[in-house]
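K.L.:
Take a look at the letters that make up each chain.
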Amino acid sequence: MAKRIFSQPGDHIETTAPVTVSRYRGFTRANHWVTAGSLIVLLLSGMALFHPALYFLTGLFGGGQATRWLHPFVGVLLFFSFFILFLQLWRLNLPRAEDVTWVENIGDVLKGDEEKLPELGKYNAGQKFIFWAMSALIVVLIVSGVMVWEQYFPHLVSIPARRWAMLVHSLAAVAIILTFILHVYAAFWTRGTLRAMTRGTVTGGWAWKHHRKWLRELAGRERRGPAE
Amino acid sequence: MTTDPKLDSPRTAVANPPIQPMPTNLGAGDVIRASAMPDLAPPTRELTPVAKLIDVSKCIGCKACQSACAEWNDTHPEIEHNTGVYENPHDLTPEMFTLMRFSEYDNPETGDLEWLIRKDGCMHCVDPGCLKACPAPGAIVQYSNGIVDFIHENCIGCGYCVTGCPFNIPRISQKTHVSYKCTLCSDRVAVGQGPACAKACPTQAIVFGHKEDMIAHAEERVADLKSRGYENAGIYDPEGVGGTHVFYVLHHADKPALYSNLPENPRISPVVEGWKGVTKTLGLAAIGLAAVGSVLHGLLGRANTVSAEDEHEAEELVDPNPPPERT
Chain A
1 MAKRIFSQPG DHIETTAPVT VSRYRGFTRA NHWVTAGSLI VLLLSGMALF HPALYFLTGL
61 FGGGQATRWL HPFVGVLLFF SFFILFLQLW RLNLPRAEDV TWVENIGDVL KGDEEKLPEL
121 GKYNAGQKFI FWAMSALIVV LIVSGVMVWE QYFPHLVSIP ARRWAMLVHS LAAVAIILTF
181 ILHVYAAFWT RGTLRAMTRG TVTGGWAWKH HRKWLRELAG RERRGPAE
Chain B
1001 MTTDPKLDSP RTAVANPPIQ PMPTNLGAGD VIRASAMPDL APPTRELTPV AKLIDVSKCI
1061 GCKACQSACA EWNDTHPEIE HNTGVYENPH DLTPEMFTLM RFSEYDNPET GDLEWLIRKD
1121 GCMHCVDPGC LKACPAPGAI VQYSNGIVDF IHENCIGCGY CVTGCPFNIP RISQKTHVSY
1181 KCTLCSDRVA VGQGPACAKA CPTQAIVFGH KEDMIAHAEE RVADLKSRGY ENAGIYDPEG
1241 VGGTHVFYVL HHADKPALYS NLPENPRISP VVEGWKGVTK TLGLAAIGLA AVGSVLHGLL
1301 GRANTVSAED EHEAEELVDP NPPPERT
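These protein sequence lines are chains A and B, in that order.
Last residue of the first sequence: 228 (my numbering), numbering continuous.
Last residue of the second sequence: 1327 (my numbering), numbering continuous.
It should be emphasised that the hints constitute simulated quantities derived from the structure, not laboratory data.
Owing to the predicted nature of the structure, the values given are computational and were not obtained by experimental measurement.
The C-beta atom is built at its ideal place from N, Cα and C for all residues, glycine as well.
Mixed in with the good hints, there may be bad ones.
Restraint ranges, calculated between C-beta atoms of paired labels, are given here [claimed, not checked]:
hint	chain 1	residue 1	chain 2	residue 2	range
1	B	THR1305	A	GLU14	18 to 26 Å
2	B	GLU1078	A	PRO160	21 to 29 Å
3	B	LYS1255	A	PRO160	16 to 24 Å
4	B	PRO1263	A	PRO9	58 to 66 Å
5	A	SER158	B	LYS1058	29 to 37 Å
6	A	ARG25	B	PRO1038	48 to 56 Å
7	B	ASN1082	A	VAL184	54 to 62 Å
8	B	GLY1277	A	LYS3	47 to 55 Å
9	B	ASP1106	A	PHE73	45 to 53 Å
So these bits of chain B aren't anywhere near chain A, every CB distance computed over 10 Å [claimed, not checked]:
hint	residue
10	THR1110
11	ASN1232
12	GLU1313
In isolation and in its complexed conformation, chain B is listed as follows (with noise of 0.2 Å):
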């Protein structure tokens, strides 16, 4: 259970806080990633990876998860208008980290109307490609427990972090000009809690705990669907982001599109790796090259002057005979 201060990181959501007071269990010294610092620190200490699961095929789309997320991180999503779809709000916002998404989908081999909601969020890539985006030392970080964090008083407000998601997460408030996305609940699980959205969901369709538990649970999910038909159930871990530590069991894991676009095979786009790669590092190094260069160059090498002679020739052009002075 979570409430023993023995555990580096907290094993499921359902417990109930600790009574005794606990100090923070996720600070400085865990984290082992952080945004433009490519020369930080080694963590002091590795914590045991944790995860959230998303069973899809138990999710009933009461939007408690979004409710507790809200209620939790003190967001206010502005109230919108129904458009006759579900969704609300209409998109994550800076104000809402977690979104039930639903699509209906005519499966042509059953005929049957299924109705796929997905909950949508950050799902704390192992390999951040808003991470890899953003230019402010410690905006983002990822802790060893897989945790990806937004420090907001590093937080620039620049959006790098939209370009660089593979998931189109992050939000930047046109309020406060910082970005904002979910935590995985952080602050919860340094006290040894589960994120609220998985400690709200009615029918454990979230689940919370070590990753390696949670894969676990998973594939007695998928073995389960499988048993009732769902031949094509499977985990959604991509590994072109090097898995994640938000992740989904999937009825139909061949198609995970059908989900709100849930992309097939993830990964920070190659256009962001040549700019946060290549551009960046041959960039500076070719304009220090050329700074460095031309001052040396002007400093030692030999000028192009103008002669005295070059002066007299532009004198005869000018005034080939200068007349007499006048009075």
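Bound-form chain A, shown alone (with noise of 0.2 Å):
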């Protein structure tokens, strides 16, 4: 069998007439809403702590005492969530010359208008971008969270890095929230999206339209026969 450049292991031709295309396996989808249902967790008990107005926020929790208390718990289990989807997801989302392009072309991206651009693999630059954001902020927030949890860490570090660690990890929240919401957003604004991640599969068109190379892939995979 051909090596996998655009494909990751388990992705196939699940149906020919129409094509469906399987995308993310039953696991790699449950990995992904232990982690979203993390994120959003943590979204809104950090908003909770981070601005008066969201406070009542706190209510959906139990109360302030229960909300500082599962926000930190919370965040390591998206640190460890996001650990595995990590391990999947990282090596088709490495750069490639083609993203440059994309990236130039954005203007033609946002108008639907995808003829013009190199045939992508499996993830488009601005997946690859979130996904690398995700990545790094994930990081970040878990460092600067450890650093200033009270009830167990309370003398892990000063007091003036702890207000550093503060600072970066309000930073690095509002980050990731405009990052979930692109994420969010670019799911449903491109219709088709979505499928992925609830049954797991995508159409043919859709993998033609945005994942061409990553669809050429699987099909040649598919031409050869069990017998060959």
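Starting from two chains that each stand alone, build the complex the way the hints lay out.
P.N.:
This is the structure we're talking about:
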């Protein structure tokens, strides 16, 4: 079997008429949703402690004390959950030459005119940006978060270091929430994307339009019969 | 004297309690600032500012103030081991709101070995870093008489006050998960009494009253110290935090760090200001705009859709020559 360059082991053409392509197996989807759920809990509990206007959100978690207790544990859950996701996704998110062209022609992407752009593998530069931004910000957040985890690490770092950790944690939190909004928005805007993380499959047309090199590789693999 | 019920703030700590019961004279209507409550109602009246003056030159290090503090506040500091220093306990704790800190200073100018003893505890800043940092509405309040108080039922134990305080004062209890510090005996002041530490001090190194009176007294003390050869004697009432309602007379006011690292120019750290100022405001605005903008654009804008042609192209690619039906 040919070596995979643009696809993940497990990605395959599921049906041919009409074409559906398996993009994420069940484990990856479950992993994604655990990560997403943790991020949403962290977002709500963190925002509650970030701005007085949102303190009422602590009510969702059983009050201020409970929110203060819960937030860091969910942070640890997110870190490990994302780490498992990272191990599965990082290779196909490495930058490639066509990403530069894609970014240079971002205007065409926004117009939905992707025909002029180079053919792409499993991820485009926007998806790769989200992946690496999430990866970097989660590392910054877990490190700065542990530094200010009063209940278990009250004396881990000096008070001046804690002040910096607090500032960095807030800035990184704002950045990751913006990244999260972009991620969700892009998934909705690009119709046909959400089902990749719910049912696990996308239509052939979606793969043709957005990730043609990925589809070509999978189609090429399908054509080789098992007896070959 | 404090027994006068018409006085809004007590003028001394040495008077004995009034005979007749007295309603509390410090309440919600006296709060001028509360944590995470930017739209607080203005206070209903203005109390006379109070202050505790600690004259380190008169302190004999007896720790009566610590005992009185623990007794009045009903705290039970852990019994620790003697490590060869006089501090006991080793630091401020959730059960010890004030601590005598001892330092030995070999004065190069006089050749004297000086034993500098400073009573450490909350300074009750006019611009309190703890209050600025606190995310829990009403967990930290400041009264118009200057007292900064922790309201424990609103505290969530996050430790942001520790991050905000320029003097390293608040301590979070691992048992109750709330923050503790000196209250300036707000519960005593409310009924015309001075703080327990000031009442217990045998040398009147700790005195309490209206801030104006205390400043006048401190100036007398500084003049006296200067006449005795302490030419750098002075008042420590740091401007960087807007002044404090607990302040010191120091014999070496030019070198506050001699007194167990009393900060030279304390102020709320610019890092904390950045976190609680521009980051908080602009951060929330950016998130709000991004969220609203993407929802609106998602509803009103044109989506990126896949055409029937794309689907057809995919079918061609995957299976260009569909085989005839097999049986």
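K.L.:
Run every hint past the structure and note whether it holds.
P.N.:
Now the hints, each set against the structure:
1. For the pair B:THR1305 and A:GLU14, the supplied restraint of 18 to 26 Å holds, since their beta-carbon distance comes to about 21 Å.
2. A beta carbon spacing of about 27 Å between B:GLU1078 and A:PRO160 agrees with the range 21 to 29 Å that was offered as a hint.
3. With their beta carbons about 21 Å apart, B:LYS1255 and A:PRO160 fall inside the hinted range of 16 to 24 Å.
4. Distance hint for B:PRO1263 and A:PRO9: a CB-CB separation of about 60 Å, consistent with the stated range 58 to 66 Å.
5. In this structure the hint that A:SER158 and B:LYS1058 lie 29 to 37 Å apart at CB holds, the actual value being about 33 Å.
6. For A:ARG25 and B:PRO1038, the Cβ-Cβ distance of about 49 Å falls inside the hinted range of 48 to 56 Å, so the restraint holds.
7. A C-beta distance of roughly 60 Å is found between B:ASN1082 and A:VAL184, which places it inside the suggested range of 54 to 62 Å.
8. Checked against the hint of 47 to 55 Å, the pair B:GLY1277 and A:LYS3 passes, with Cβ atoms roughly 54 Å apart.
9. Taking the beta carbon of each, B:ASP1106 and A:PHE73 are about 50 Å apart, inside 45 to 53 Å as hinted.
10. Interface exclusion of B:THR1110 from chain A stands, the closest Cβ pair being 34 Å apart, more than 10 Å.
11. The claim that B:ASN1232 is not at the interface with chain A holds, since no C-beta of that chain comes within 10 Å of its own (minimum 28 Å).
12. Not every CB of chain A is more than 10 Å from the CB of B:GLU1313 (nearest about 5 Å), against its label as outside the interface.
Hint compliance for this structure: hint 12 alone is broken.
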